[in-house]
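Q: One line per chain: the protein sequences are A and B, in this order. Residue 407 in UniProt numbering is what sits at position 407 of the first sequence, and the numbering runs on without skipping anything. Residue 228 in UniProt numbering is what sits at position 228 of the second sequence, and the numbering runs on without skipping anything.
Any given hint could turn out to be false.
Unchecked claim - Below, a list of computed lysine-lysine pairs in the DSS-like style, where the Cα atoms sit at most 30 Å apart:
hint	chain 1	residue 1	chain 2	residue 2
1	B	Lys-284	B	Lys-237
2	B	Lys-89	A	Lys-173
3	A	Lys-237	B	Lys-173
As the list claims (entries may be wrong) - What the simulated footprint calls covered on chain A by chain B, stretch by stretch (three residues with Cβ under 8 Å from a Cβ of chain B suffice, anywhere in the stretch; the number is not a length):
hint	stretch
4	161 to 173
5	236 to 243
Unchecked claim - Sample of chain B residues with no beta-carbon within 12 Å of chain A, all distances over it, derived:
hint	residue
6	Lys-89
7	His-109
8	Asn-147
9	Gly-346
10	Gln-384
11	Pro-389
Note that these hints are calculated values from the structure, not bench results. Just so it is clear, the structure is predicted and the values come from calculations on it, not from any experiment. Backbone N, C-alpha and C define an ideal beta-carbon position, used for all residues, glycine too.
There are 2 protein chains.
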Amino acid sequence: MASTSFLCPKHTTLFLPTHQLSNNSVSNLTDLFVRFPNSGSVSFRSDYVSSLSHVRPKRKQLRVCANSAAQVMDQSPSKMGSMVRTIVKVDLGDRSYPIYIGSGLLDQHELLQKHVHGKRVLVVTNTTIAPLYLDKVVTALSDGNPNVTVDSVILPDGEQFKNMDTLMKVFDKAIESRLDRRCTFVALGGGVIGDMCGFAAASFLRGVNFIQIPTTVMAQVDSSVGGKTGINHRLGKNLIGAFYQPQCVLIDTNTLNTLPERELASGLAEVIKYGLIRDADFFKWQEKNMSALLARDPSALAYAIKRSCENKAEVVSLDEKESGVRATLNLGHTFGHAIETSYGYGQWLHGEAIAAGMVMAVDMSYRLGWIDDSIVNRVHKILQEAKLPTAPPEMMTVEMFKSVMAVDKKVADGLLRLILLKGPLGNCVFTGDYDRKALDETLQAFCKS
Amino acid sequence: MASTSFLCPKHTTLFLPTHQLSNNSVSNLTDLFVRFPNSGSVSFRSDYVSSLSHVRPKRKQLRVCANSAAQVMDQSPSKMGSMVRTIVKVDLGDRSYPIYIGSGLLDQHELLQKHVHGKRVLVVTNTTIAPLYLDKVVTALSDGNPNVTVDSVILPDGEQFKNMDTLMKVFDKAIESRLDRRCTFVALGGGVIGDMCGFAAASFLRGVNFIQIPTTVMAQVDSSVGGKTGINHRLGKNLIGAFYQPQCVLIDTNTLNTLPERELASGLAEVIKYGLIRDADFFKWQEKNMSALLARDPSALAYAIKRSCENKAEVVSLDEKESGVRATLNLGHTFGHAIETSYGYGQWLHGEAIAAGMVMAVDMSYRLGWIDDSIVNRVHKILQEAKLPTAPPEMMTVEMFKSVMAVDKKVADGLLRLILLKGPLGNCVFTGDYDRKALDETLQAFCKS
Ligand SMILES: NC(=O)c1ccc[n+]([C@@H]2O[C@H](COP(=O)([O-])OP(=O)(O)OC[C@H]3O[C@@H](n4cnc5c(N)ncnc54)[C@H](O)[C@@H]3O)[C@@H](O)[C@H]2O)c1
Ligand SMILES: NC(=O)c1ccc[n+]([C@@H]2O[C@H](COP(=O)([O-])OP(=O)(O)OC[C@H]3O[C@@H](n4cnc5c(N)ncnc54)[C@H](O)[C@@H]3O)[C@@H](O)[C@H]2O)c1
Ligand SMILES: [Zn+2]
Ligand SMILES: [Zn+2]
Numbered sequence: 001m002a003s004t005s006f007l008c009p010k011h012t013t014l015f016l017p018t019h020q021l022s023n024n025s026v027s028n029l030t031d032l033f034v035r036f037p038n039s040g041s042v043s044f045r046s047d048y049v050s051s052l053s054h055v056r057p058k059r060k061q062l063r064v065c066a067n068s069a070a071q072v073m074d075q076s077p078s079k080m081g082s083m084v085r086t087i088v089k090v091d092l093g094d095r096s097y098p099i100y101i102g103s104g105l106l107d108q109h110e111l112l113q114k115h116v117h118g119k120r121v122l123v124v125t126n127t128t129i130a131p132l133y134l135d136k137v138v139t140a141l142s143d144g145n146p147n148v149t150v151d152s153v154i155l156p157d158g159e160q161f162k163n164m165d166t167l168m169k170v171f172d173k174a175i176e177s178r179l180d181r182r183c184t185f186v187a188l189g190g191g192v193i194g195d196m197c198g199f200a201a202a203s204f205l206r207g208v209n210f211i212q213i214p215t216t217v218m219a220q221v222d223s224s225v226g227g228k229t230g231i232n233h234r235l236g237k238n239l240i241g242a243f244y245q246p247q248c249v250l251i252d253t254n255t256l257n258t259l260p261e262r263e264l265a266s267g268l269a270e271v272i273k274y275g276l277i278r279d280a281d282f283f284k285w286q287e288k289n290m291s292a293l294l295a296r297d298p299s300a301l302a303y304a305i306k307r308s309c310e311n312k313a314e315v316v317s318l319d320e321k322e323s324g325v326r327a328t329l330n331l332g333h334t335f336g337h338a339i340e341t342s343y344g345y346g347q348w349l350h351g352e353a354i355a356a357g358m359v360m361a362v363d364m365s366y367r368l369g370w371i372d373d374s375i376v377n378r379v380h381k382i383l384q385e386a387k388l389p390t391a392p393p394e395m396m397t398v399e400m401f402k403s404v405m406a407v408d409k410k411v412a413d414g415l416l417r418l419i420l421l422k423g424p425l426g427n428c429v430f431t432g433d434y435d436r437k438a439l440d441e442t443l444q445a446f447c448k449s
Numbered sequence: 001m002a003s004t005s006f007l008c009p010k011h012t013t014l015f016l017p018t019h020q021l022s023n024n025s026v027s028n029l030t031d032l033f034v035r036f037p038n039s040g041s042v043s044f045r046s047d048y049v050s051s052l053s054h055v056r057p058k059r060k061q062l063r064v065c066a067n068s069a070a071q072v073m074d075q076s077p078s079k080m081g082s083m084v085r086t087i088v089k090v091d092l093g094d095r096s097y098p099i100y101i102g103s104g105l106l107d108q109h110e111l112l113q114k115h116v117h118g119k120r121v122l123v124v125t126n127t128t129i130a131p132l133y134l135d136k137v138v139t140a141l142s143d144g145n146p147n148v149t150v151d152s153v154i155l156p157d158g159e160q161f162k163n164m165d166t167l168m169k170v171f172d173k174a175i176e177s178r179l180d181r182r183c184t185f186v187a188l189g190g191g192v193i194g195d196m197c198g199f200a201a202a203s204f205l206r207g208v209n210f211i212q213i214p215t216t217v218m219a220q221v222d223s224s225v226g227g228k229t230g231i232n233h234r235l236g237k238n239l240i241g242a243f244y245q246p247q248c249v250l251i252d253t254n255t256l257n258t259l260p261e262r263e264l265a266s267g268l269a270e271v272i273k274y275g276l277i278r279d280a281d282f283f284k285w286q287e288k289n290m291s292a293l294l295a296r297d298p299s300a301l302a303y304a305i306k307r308s309c310e311n312k313a314e315v316v317s318l319d320e321k322e323s324g325v326r327a328t329l330n331l332g333h334t335f336g337h338a339i340e341t342s343y344g345y346g347q348w349l350h351g352e353a354i355a356a357g358m359v360m361a362v363d364m365s366y367r368l369g370w371i372d373d374s375i376v377n378r379v380h381k382i383l384q385e386a387k388l389p390t391a392p393p394e395m396m397t398v399e400m401f402k403s404v405m406a407v408d409k410k411v412a413d414g415l416l417r418l419i420l421l422k423g424p425l426g427n428c429v430f431t432g433d434y435d436r437k438a439l440d441e442t443l444q445a446f447c448k449s
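Starting from the given sequences, assemble the full structure and let the hints guide the process.
A: Below is the structure:
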């Protein structure tokens, strides 16, 4: 197969040939770089370049671009192997920021350091992640940088600690350490840590610099993009918070090596979601590469994360404060939320609940005649491969769904709007305008009573 | 004296003739309106118009303008007397908002109502203010507006309650009342309530609409302008918060009738500050009208508040996030902060401490040869008239000032920057470049030991 050279005038975009990702033996981003050390002219296989045709026309306010800053200066040539990364730029005017994605990025100390403002850093992490990665991050922040002092605060692990009491521990530490406005907060962990640290950074002295180092797939593909930060209230999730954008997001795919399998799969549910709502080519890529993802192939992970971040960043750029299109990111979430609420948070992970929720939304879309059955089958198949549920827990009843979704009340007002698939793969709508019968049938089909 | 007609092409600015303000017998804004019902052609005394020459050339990013929306439609002609108001527009791009100033504005129900978004309102106030004004505000919000539901939360009164525990009571109430993103929070009270309610509005569901009804001079001329919101931490004041702008600020000068005298005077310290740092004509106006202000003449109050808001709004428009010029608003605050800290918060009100602090800053400016002694004398005189202190409490020592101001440490680094007067009345600098001797002499002059 012929090699096609492709060069974006502004950025050099390093796309991975599809076959290499489905074929563990060949390569990862690192290998590819080593073979094409001059990032100014990266070679592409023509079979991959063709898939670029999916890219939607960019509007004026929307410039999401991925580029590979392949050449990074570093003292040690032996580190060259870990120096490839993909950059997704989230474009939000003067709050724009880069997402760096790659394997071994935490060993590239200059990457983090260039986004630290001031001389003081506070790393916020938890009891599970601290023993795994805190030293590495402290080293990355302070290596060759004697002016920088790094403090850290280690929070208890778990969604149940995502609250005001735990948040106060972050403020206590920041204030006791006498941090000033020029300090930087670094979130090291999953979505719980990212959301809490982000809100702390937004509120400490009315806003300090903030860097995200997400360490779960969920955080890497979803919570670290978009600027939503916050904590739970005893009466509901994420009710208190801020929209606050980081200076940068640094995703080292190596951190996923320690992630429990269920957490990995849970994050992949959101990855699959992006394909379904707006990116058919990405969905097809996932169909071919699911085993590589589960095997934590760094290249496959990097690509899936990059493409997910691009999709989310595009949606967020269009609708930063969630007034419209951003709602489509909630495919499966209304059904999933009913599962999480009825079954009890913590029984099923978020991604597991929304996997089942997506199956239900897809089923309903099919009943409405909006999609054909091949999509239904492909969704089942890919979720099964990802080891995710394809139906709600057995204990769920129609009534449980209805009461949480407030179906009766909301549908009467024409208010229960759902994200449903419509048309060819990769298209969805957010609508309250559907035949109520389809919803009832879906609920009945998935519940024993 | 001849009457001069003056009409701003874009806005009609209703300035009050100076003599009317110093002469309680004559008028207030209302009277003036009744006499000049056509707001399009307001008459001015030439002696006042001349003072307009002080207005600085407006820069492009800075458009602070005051206009008098004198004609408001209302059912009852008998209400006409209360329908004059001044509007100061705070220009912050898409976060711009109006400050309405006048006597009886809480009786103009359409004013508040047009800034309420959605159907749900939460009024945040305290145990002192609720019995005085809560009913009035609830009526203003809901009168003729059956769609709107108003809830309220009454917090304990006092700076010691400006903390996270009290803030949580606002969230509890909002969540128990099932408020959604389209609700509006209304702050009814002084700076403590305004700061807390503003931070709650910034954080509830990541940001809801917010209206300020400040009821102290301090809140009306200072804390309600500029978007700083927040709470205290046990280790320091205002350490946790957000920059968050309201939809509007509504200042009914009638609310000041119940304000304790010391609180009134404390707020006037900030008013005097604006004259000293940037508005000589305003200072001169105050020299003539201090007794009217202390007598709570509504016109005098409205004018002083308007001019203060304009000055603060101009500074804030230039420097929303406090990186430079905004610091000049802290004239007297470094010395004042030392007094508050050493003497104990609550002993002296904030305005009292900064009054003494301004005297010290002025004394030091004089020792540096930067201002002549007439300014020193005028500052003493006006503060005495306003019943404000002109020296720190007797117990203050040079060492107390030095340790809070961290003089020795900071001056060594050249870091203790102070706001000092320099040049003719109405000019100041924010600088660390001064003869250290002058600072020592000032401290010694004002302390027994
Ligand atoms: N802000 C947003 O837009 C957004 C979007 C989606 C989800 N969220 C929030 O994110 C949270 C869920 O995030 P999550 O799924 O990452 O959960 P999490 O943060 O609780 O992490 C899951 C578990 O994995 C552990 N862990 C994290 N990284 C690890 C690693 N590399 N190795 C080993 N263990 C590791 C964590 O300590 C935790 O026990 C929820 O609170 C949700 O509300 C926010
Ligand atoms: N956000 C800012 O930019 C900014 C600027 C200056 C001050 N502040 C903050 O403002 C606070 C001080 O504000 P303050 O001086 O208004 O104090 P405050 O809010 O405590 O009010 C002073 C007292 O007057 C009472 N009161 C208020 N209005 C009244 C009325 N109309 N009639 C009778 N009693 C009334 C209050 O209940 C209180 O007891 C401090 O917390 C300070 O940090 C903020
Ligand atoms: Zn989700
Ligand atoms: Zn002040």
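Q: Each hint should be assessed against the structure and marked as holding or not.
A: Evaluated hints:
no.: 1; hint: B/Lys-284 to B/Lys-237; in the structure: violated, 33 Å
no.: 2; hint: B/Lys-89 to A/Lys-173; in the structure: violated, 39 Å
no.: 3; hint: A/Lys-237 to B/Lys-173; in the structure: holds, 16 Å
no.: 4; hint: 161 to 173; in the structure: holds (count 4)
no.: 5; hint: 236 to 243; in the structure: holds (count 6)
no.: 6; hint: Lys-89; in the structure: holds, 23 Å
no.: 7; hint: His-109; in the structure: holds, 29 Å
no.: 8; hint: Asn-147; in the structure: holds, 15 Å
no.: 9; hint: Gly-346; in the structure: holds, 21 Å
no.: 10; hint: Gln-384; in the structure: holds, 36 Å
no.: 11; hint: Pro-389; in the structure: holds, 30 Å
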